[in-house]
Amino acid sequence: MKLPDDHYAGFTTTDDALVLAVASSPAEMGLLDEWLAAQRRDNSDVNVEVLKLPVDGEPSPGVLAELVEELEADEDRTVVPVRVFWVPAGLPTRSKVVALVSGRDTYRPPEVLQRRILKRDRTRARVIAGEPAKVSELRQQWHDHTVAESPGQFAHFVIRRAMLAIERVEYRLLGPEYKSPRLVKPEILTSTRFRAGLEQIPGATVEEAGKILDELATGWSRVSVDLIPNLSRLITRRGFDPHFDYDQSEIARLRQDLENHPAVLLFSHRSYLDGAVVPAAMQENRLPPVHMFAGLNLSFGFMGPLLRRSGVIFIRRNVAGDPLYKYILKEYVGYVVEKRFNLSWSIEGTRSRTGKMLPPKLGLLAYVADAYLAGRSDDILLQPVSISFDQLHEVSEYADYARGGEKTPEGLSWLYNYIKAQGDRSYGKIYVRFPEAVSMRHYLGEPGGPIAHDKSGRRLAMHKMAFEVAWRILQVTPINATALVSALLLSTRGVALTLDQLHHTLQDGLDYLMRRDIPLTNSALRLRTPGGVLSAVDALSNGHPVTKVDSGREPVWHIAAENEHKAAFYRNTLIHAFLETSIVELALAYAARADGDPVQAFWSQAARLRDLLKFDFYFANSAAFREHVAEEMSWRADWDSQVAAGGERIDTLLREKRPLMAGAMLRPFFEAYEILASALRDLPAHVEEKELTKRAMGLGRQYVAQNRVRSNESVSALLFTTARQVAADQQLLEPGDDLQARRTAFCEELCEILADVDKVDRYAGDQFAAREAERRRAKSR
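1 is the number of the first residue of the sequence shown in our numbering; add one for each residue after it.
Misleading hints may appear alongside valid ones.
[Claimed, not checked] The list that follows gives simulated cross-link-like pairs (lysine to aspartate or glutamate, EDC-like), each with its CA atoms no further than 16 Å apart:
(1) Lys429 x Asp241
(2) Lys779 x Asp766
(3) Lys548 x Asp500
(4) Lys339 x Asp400
(5) Lys339 x Glu167
(6) Lys330 x Glu394
(7) Lys134 x Glu187
(8) Lys326 x Glu208
(9) Lys614 x Asp729
(10) Lys420 x Glu410
(11) Lys52 x Glu75
(12) Lys548 x Asp538
(13) Lys694 x Glu410
(14) Lys339 x Glu187
(15) Lys694 x Asp682
(16) Lys455 x Asp538
(17) Lys339 x Glu406
(18) Lys134 x Glu58
(19) Lys185 x Glu58
(20) Lys779 x Asp500
Just so you know, these hints were derived from the structure itself, not from any lab. Since the model is a prediction, treat every value here as computed from it, not as a measurement.
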């Protein structure tokens, strides 16, 4: 790494100069002496004084007293911070790990090696100077932004500013990926803004605040910038293709955006691996690192110090009754964005264990909004990040949750087993997408504007912002072969298909996705050929989650009952792409049997289905949704007149539609709603959530045994969570004289919807049979 000489130019001033020199060894002092001699020659008519500061830690009382005296001597004196910069050189990974955990800086070679290094290559070390500032300017900043009390505190302030000025030069030399906040605790604790807010909290002290900041404070050491993303890649490479799949145009736009504004990277969350993917993706694209939030439950063993020096901010989960902690966290977030560092967390708040995106959480986002509205940045970008996988080993864990299992506590043994599981087999590729960022200014208006004082308006705007982030994630997440094959084989309810049957049945779905311009992975595009289909099912065979039977005339593939929950996770990752077309099919089936105006029945049922499914899926607003439904029907030019004719004409329209997806996509959700609603009929108005889930699980197992539901995947503690939200939204958990009648009516409505699903499935089966007949005729010719 050769650095240009102009980065190491000295300073030019007509005033006396005070050089604050940071040096830790005789070799570094020798370099500083040479540099100072050159500066004195170039500035022969000014007086240049030097004060040596320690590399790390607080200056001694003597040094601090000397600095106070120097600062009091002349307000016009220019303060120039300087330090020896060592050009990075390679170190063994083991040494980097030890350095990272211990907090040591391997970017500065040990003293015993420094002279030897300089003899071999003098360019390995240069003196760099931070931006100079007059004492009077620094004193004014001190008065404006800190609790100004004593000359000693001013001296500490000058030292902090000197260190930050040198750091800025080093960031320019090393690259944006090495930028990290420094001196966070003293900067925050001495801030007048911070102290004013602290005084409003009864009993709060600066000492308590400092302890909480110690718990929160993090940063990327230079070693961790090099090491942690590489360790992350070692983990992902155990089971995945070593190359992440990117859209390079998105990377270019993101790089430009991050040069202009701080950003919050909000990622989709289906795996613990997401926390490893984000820093690795930023590093290998030479983008600034992100500071990622994580629960304190992940700060165990050596992982705590390791992750703290790798940009991870550990936060407490339950802080409702702790106003001091909430205040410190809000101020910490505000400081980070004000200094134009980037934050990251999951927009969903936790991993999705069903495969589909969860509703967005506003908790931390509220703190960022507060910082923006307080004027700490002229805009903050909410950057959606889509992370998706061909396969995940965690689907087995998620299947256990669906069957009512409990979460395994994190710990060192858990971590070892998790990393070990990555090497069990090949899990395919990891796909990372960065759609266009959402501007906080666009949704919240100008900093300090009306919405800053309108609590309800601000919350509504934040909901819209978060929804837009999640929506953009969904729109760019590419659909892969795993999801398409899983969706198809789940729809056969355990019946195995041949390669030819798989191939020709998948084509209608692919046609639809390409017609809609839905992003597809290469593995999905290869499903156009029998060879591509064979690769996909082979990758999923041996119960992952497909079972291959190859002991007969030709191999066939199916999903066994015990693997349905695993397959459902993959299927659920693509439902958003088929959601509106599936609703269209069920609305048509309803209109064909409804009394009155069929067109009105069609539109009212589409709206009703959207309302019932709103806790499981993302929808556009009502007006946009209606436009999307009309667009879905545009495949038939005269569809509105066909629907208006009612009855058989609507059934004919439904038979002609391709693909027919409602059964494959939505049946499990409506079955889960119906199971839970049926369980409610036997329970009192007030029922605990755990008890309701337990009753629904038991009733669901009965229904599976009686073949009253089509698959095991509908009997899921995960699906019952949203089913309970649906029941609450329908006011089925509120007491009332007609409660039993309302619960019965809702059960009947769900049964009718499932009857419509059955009709769509019959028509889909007829289409499959017709294709099979045509295929056999073609073979016999």
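These are the hints, each one checked on the structure:
A distance of roughly 5 Å separates the Cα atoms of Lys429 and Asp241; the hinted pair therefore holds under the 16 Å criterion. Distance check on the hinted pair: Lys779 and Asp766 sit about 20 Å apart at the alpha-carbon level, beyond 16 Å; violated. A threshold of 16 Å between alpha carbons decides the hint, and for Lys548 with Asp500 the separation of about 14 Å falls inside it, so the pair holds. Restraint check for Lys339 and Asp400: not satisfied, since their Cα atoms lie roughly 44 Å apart, outside the 16 Å limit.
The straight-line distance between the Cα atoms of Lys339 and Glu167 is roughly 13 Å, inside the 16 Å bound, and the hint therefore holds. For the hint pairing Lys330 with Glu394, the CA-to-CA distance comes to about 33 Å; that exceeds 16 Å, so the pair is violated. The straight-line distance between the Cα atoms of Lys134 and Glu187 is roughly 20 Å, outside the 16 Å bound, and the hint therefore fails. The straight-line distance between the Cα atoms of Lys326 and Glu208 is roughly 13 Å, inside the 16 Å bound, and the hint therefore holds.
Pair hint Lys614 plus Asp729 holds up; C-alpha atoms about 10 Å apart against a cutoff of 16 Å. For the suggested pair Lys420 and Glu410, the alpha carbons sit about 15 Å apart, so the restraint of at most 16 Å is met. Between Lys52 and Glu75 the CA atoms are separated by roughly 20 Å; this puts the pair beyond 16 Å, and the hint is violated. For the hint linking Lys548 to Asp538, the alpha-carbon distance of about 8 Å falls within 16 Å, and the restraint holds.
Among the hinted pairs, Lys694 with Glu410 is inconsistent with the structure: their alpha-carbon atoms are about 26 Å apart, more than 16 Å. At roughly 11 Å between alpha-carbon atoms, Lys339 and Glu187 fall within 16 Å of each other, so this suggested pair holds. Proposed proximity of Lys694 and Asp682 is supported: the alpha carbons are some 13 Å apart, at most 16 Å. Using a Cα cut-off of 16 Å, the hinted pair Lys455 and Asp538 is violated, with the two alpha carbons roughly 54 Å apart.
Proximity of Lys339 to Glu406 is assessed by CA-CA distance (about 41 Å); at most 16 Å being required, the pair is judged violated. Restraint check for Lys134 and Glu58: not satisfied, since their Cα atoms lie roughly 23 Å apart, outside the 16 Å limit. For the hint linking Lys185 to Glu58, the alpha-carbon distance of about 14 Å falls within 16 Å, and the restraint holds. For a cut-off of 16 Å, the pair hint linking Lys779 to Asp500 stands: about 12 Å separates their Cα positions.
The structure fails to meet hints 2, 4, 6, 7, 11, 13, 16, 17 and 18 from the earlier list, while all remaining hints are met.
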